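Take these sequences, add in the hints, and give me the full structure.
Chains as they are written, first to last, in my numbering: chain A, 296 to 565; chain B, 296 to 565; chain C, 296 to 565; chain D, 296 to 565.
Bear in mind the hints are in silico, worked out from the structure with no lab data behind them.
One thing to keep in mind: the hints can contain errors.
Treat identical chains as interchangeable: a pair holds within one or across any two.
The calculated lysine to aspartate or glutamate pairs, modelled on DMTMM-like cross-linking and capped at a C-alpha distance of 20 Å, are [claimed, not checked]:
1) 400 x 511
2) 565 x 373
3) 480 x 404
4) 512 x 564
5) 479 x 454
6) 398 x 432
7) 302 x 327
8) 400 x 454
9) 480 x 511
It should be emphasised that the depicted structure is a prediction, and the values quoted were computed from it without experimental measurement.
4 protein chains.
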Amino acid sequence: MAYNLLKGKKGIIFGALDEKSIAWKTALRCHEEGAQLVLTNAPVALRMGEINKLAEQVQAPVIGADVVNMDDLKKLFEESMKHFGGGVDFILHSIGMSLNVRKGKHYTEIDYGFNQKTLDISAMSLHRVLRTAWELDAINEWGSVVALTYIAAQRVFPDYNEMADAKALLESVARSFGYHYAIKKKVRVNTVSQSPTRTTAGSGVKGFDGFINYAEKMSPSGNATAEQCADYCVTLFSDLTRMVTMQNLFHDGGFSFTGISHAVIEQMEK
Amino acid sequence: MAYNLLKGKKGIIFGALDEKSIAWKTALRCHEEGAQLVLTNAPVALRMGEINKLAEQVQAPVIGADVVNMDDLKKLFEESMKHFGGGVDFILHSIGMSLNVRKGKHYTEIDYGFNQKTLDISAMSLHRVLRTAWELDAINEWGSVVALTYIAAQRVFPDYNEMADAKALLESVARSFGYHYAIKKKVRVNTVSQSPTRTTAGSGVKGFDGFINYAEKMSPSGNATAEQCADYCVTLFSDLTRMVTMQNLFHDGGFSFTGISHAVIEQMEK
Amino acid sequence: MAYNLLKGKKGIIFGALDEKSIAWKTALRCHEEGAQLVLTNAPVALRMGEINKLAEQVQAPVIGADVVNMDDLKKLFEESMKHFGGGVDFILHSIGMSLNVRKGKHYTEIDYGFNQKTLDISAMSLHRVLRTAWELDAINEWGSVVALTYIAAQRVFPDYNEMADAKALLESVARSFGYHYAIKKKVRVNTVSQSPTRTTAGSGVKGFDGFINYAEKMSPSGNATAEQCADYCVTLFSDLTRMVTMQNLFHDGGFSFTGISHAVIEQMEK
Amino acid sequence: MAYNLLKGKKGIIFGALDEKSIAWKTALRCHEEGAQLVLTNAPVALRMGEINKLAEQVQAPVIGADVVNMDDLKKLFEESMKHFGGGVDFILHSIGMSLNVRKGKHYTEIDYGFNQKTLDISAMSLHRVLRTAWELDAINEWGSVVALTYIAAQRVFPDYNEMADAKALLESVARSFGYHYAIKKKVRVNTVSQSPTRTTAGSGVKGFDGFINYAEKMSPSGNATAEQCADYCVTLFSDLTRMVTMQNLFHDGGFSFTGISHAVIEQMEK
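Structure (structure tokens):
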């Protein structure tokens, strides 16, 4: 069902890797809701070629950009504004990468060079994106920026490793930059803290299966799917949520405020 | 602008006192978005007669109910289901009353009999409403319940007095009942923590003017209006937010995560 | 080991039922640390007679008081001040009672008359105690008040039932009254959120065994014991924590900030 | 007044720059409480020479270490263990540095190279310290680690700039590493979120005076001093707080849970 919630709006979607991606689903839903889009991802991710399928579906150009390269970001925004014939109304930041996780380094043994890349790509990239937009005055008044995060920023999920710290940093950047952008142009910046989701990126985390099952049992409404997350992002990009800013919004079927569920107790007693 | 976000949905709105009320505005917006409504309030509030104007606008019956009277609530839900020809999809709980505040009792000098009424009417009423619906199986699967609250539940705003404690209790009831209702029927229960709003109820609080001005200066996007709150409630009643439950959602222009703003610093330096 | 941390201090301990009680252990530790004490509990609890054993050990009078009876509380404070020859330096509030839990009522089926008693005894009692002290000016400057609470105030533990709501209310009262008492006399008011503890009261909760085991597995340092809680309370009553106020302090071996532990994952995979 | 709370304990204090430093006061108090100490700071800070005065007072060796240099940290722990003739019982991490703040860069215009240094020195340094201790098994069972932080990690204080993000990262590292260290050796790791304090480091922040005055008016018990923070750290290093871990502990006279105070309202109305 579509409602034209984003009719006339223009948005940039970061991080649509393949059709399991939350960013991919969000791009589809934004398109259904009437938005015009630009898709972007790191050059190395674009080489996979999958994104072209999405680009066709949502009739959007694909503009490569390395999120830690300020020139790339500048070019991305300039080309997007040219394509849209004006400013941007919303941005989805769905970006995360940890070489330490990939290499299977335990949290107590991380490589600090890798860690620096993790923080830069997964968290400071939001600052870089917002700062580029700020300097080019690329976001329209009442624009909306959403970055995807995970509850490991608040509580320890040991296998999530250094990504927990990166997400805590990301959420802080959202608040800090959100303050300035709200004052300047009423632009809102929020993070959505999504249930563990069986994306290509998510599945890379060690012990992911056991973990997603636990979350399913612990969440009174079950784990939120990528499609449901896309729906939620649509509301946050719409004009109906203009005063929600600097928030971390849990989209997780109630996981975040459940201390224990009967389903988990039963499993524990087995 | 209307999107048909609530097309075919049926909802009960508690607490539309007069046209400044958030509940009033929310009823209007829900109607615009295609919902069918039942309006309800305490018999004493209905006697003002204002609500009939709203009832006409949104073509809804008005059914009086004292929220601490289980028979009244039962009758309300039974008549609503008869009117709708089926279950309820959403409920707005916008109910609060403090005799201690009205009588100007300082927090350290509250009357405990009044306090008990405050807690019952302002907080336990949510339990009573949900429990009545639960017993009659009155809420449809994926239904959505929103109760309005205030950040005094988290931090002290001294003039808010015992209502702070009532709101903390209300938010806890939303979580607790939300857990059970999510498991039973995927019904979600959330609270929306709204900016101070110049309603007839809100204005009764001592020092309200100074206070709303402070909040305006402290909120990077300014205070959220009643109309904006109505918009936000619409998204929470829609099918796009099904996995958001047991949350307290700040709708306050960023007030909740601002420690200090430059506007307040300037004022402090005067 | 004793340090004379409370040398010369006078305190009132509410809720020492039997030797498993946290209040009992806290009384012992406060005595070891040099404090002079008054013990109090509800008349019905005193009839058990256990407390006299403690009274002898810590050389303290026992003064009965029903915490929802303002005359009783007034008498308690007046007699305590007479006994001490002056004001009180610290108070432990370890009081909770739920008839709905005792009668095995499900959260969705609570009796509202019982619930009102639960809220009054378990939460508003803190207000009543502080207000009585306030009116008699019974707490010395820089005094310290601790009330025991549980993390169900923040997240749902379904078997904890309406006590979750009572604890949320209690924590709000601690903040609200804490604000006023800090301004008036630098008195601090905090809540300590303790691990599930095998006390006579705690064990009454349905499914307590499964639950305490889960908490043990989920807490990186294990569940905190009653003795450890007593130690912690001693630090909060001492002069070393004067600026800690209006806080909810988790004393739980890290449970509160652990999303999942490897020990729980292993158990889930069995 | 001293209590011998840390009798027989050995600790390492990072960050005692001059006699206004919280670390300096904490070293003095730990010494009074019977602890043996090692002092450390960055070589560039040591060159000021001030620390030798403290070293004499607390009879502690000074061992320079750059917290982002793993060899330095290894040497620090090895020499400390040699000096102590065994493991370490507690560590104070009072380290923060932002070149962007020093150079007066606005948050929206930070230099990313400087930012990387800020995050490394102010936050990841805690990981580096703990990891070095972990590898050398340098911390005794039930050891205690405290890192100083600030509430800007939770809410925006615009002039605090990128240090807010660094503190959010620091607090996440404390939780993440705290989980592992609790499981391994019952070592606890907490952060203390202190009132703004007139230290040499703190005073460097733009608008610090206005800011500290605001905090004073907003805190029901007033701002916590450096001496009071030292007292609080002593309790956290003692054996009385063994089950407090992975927490962020506000030591701020109630600032963190005050939404508004009458003193601020009065100032706003001027």
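Hints, verified against the model:
| no. | hint | in the structure |
| --- | --- | --- |
| 1 | 400 x 511 | neither (27 Å within a copy, 27 Å between copies) |
| 2 | 565 x 373 | neither (58 Å within a copy, 42 Å between copies) |
| 3 | 480 x 404 | between (43 Å within a copy, 17 Å between copies) |
| 4 | 512 x 564 | both (14 Å within a copy, 13 Å between copies) |
| 5 | 479 x 454 | between (39 Å within a copy, 16 Å between copies) |
| 6 | 398 x 432 | neither (39 Å within a copy, 24 Å between copies) |
| 7 | 302 x 327 | both (9 Å within a copy, 18 Å between copies) |
| 8 | 400 x 454 | within (10 Å within a copy, 36 Å between copies) |
| 9 | 480 x 511 | between (39 Å within a copy, 16 Å between copies) |
Checked against the numbered hints given earlier, the structure breaks hints 1, 2, 6 and satisfies all the rest.
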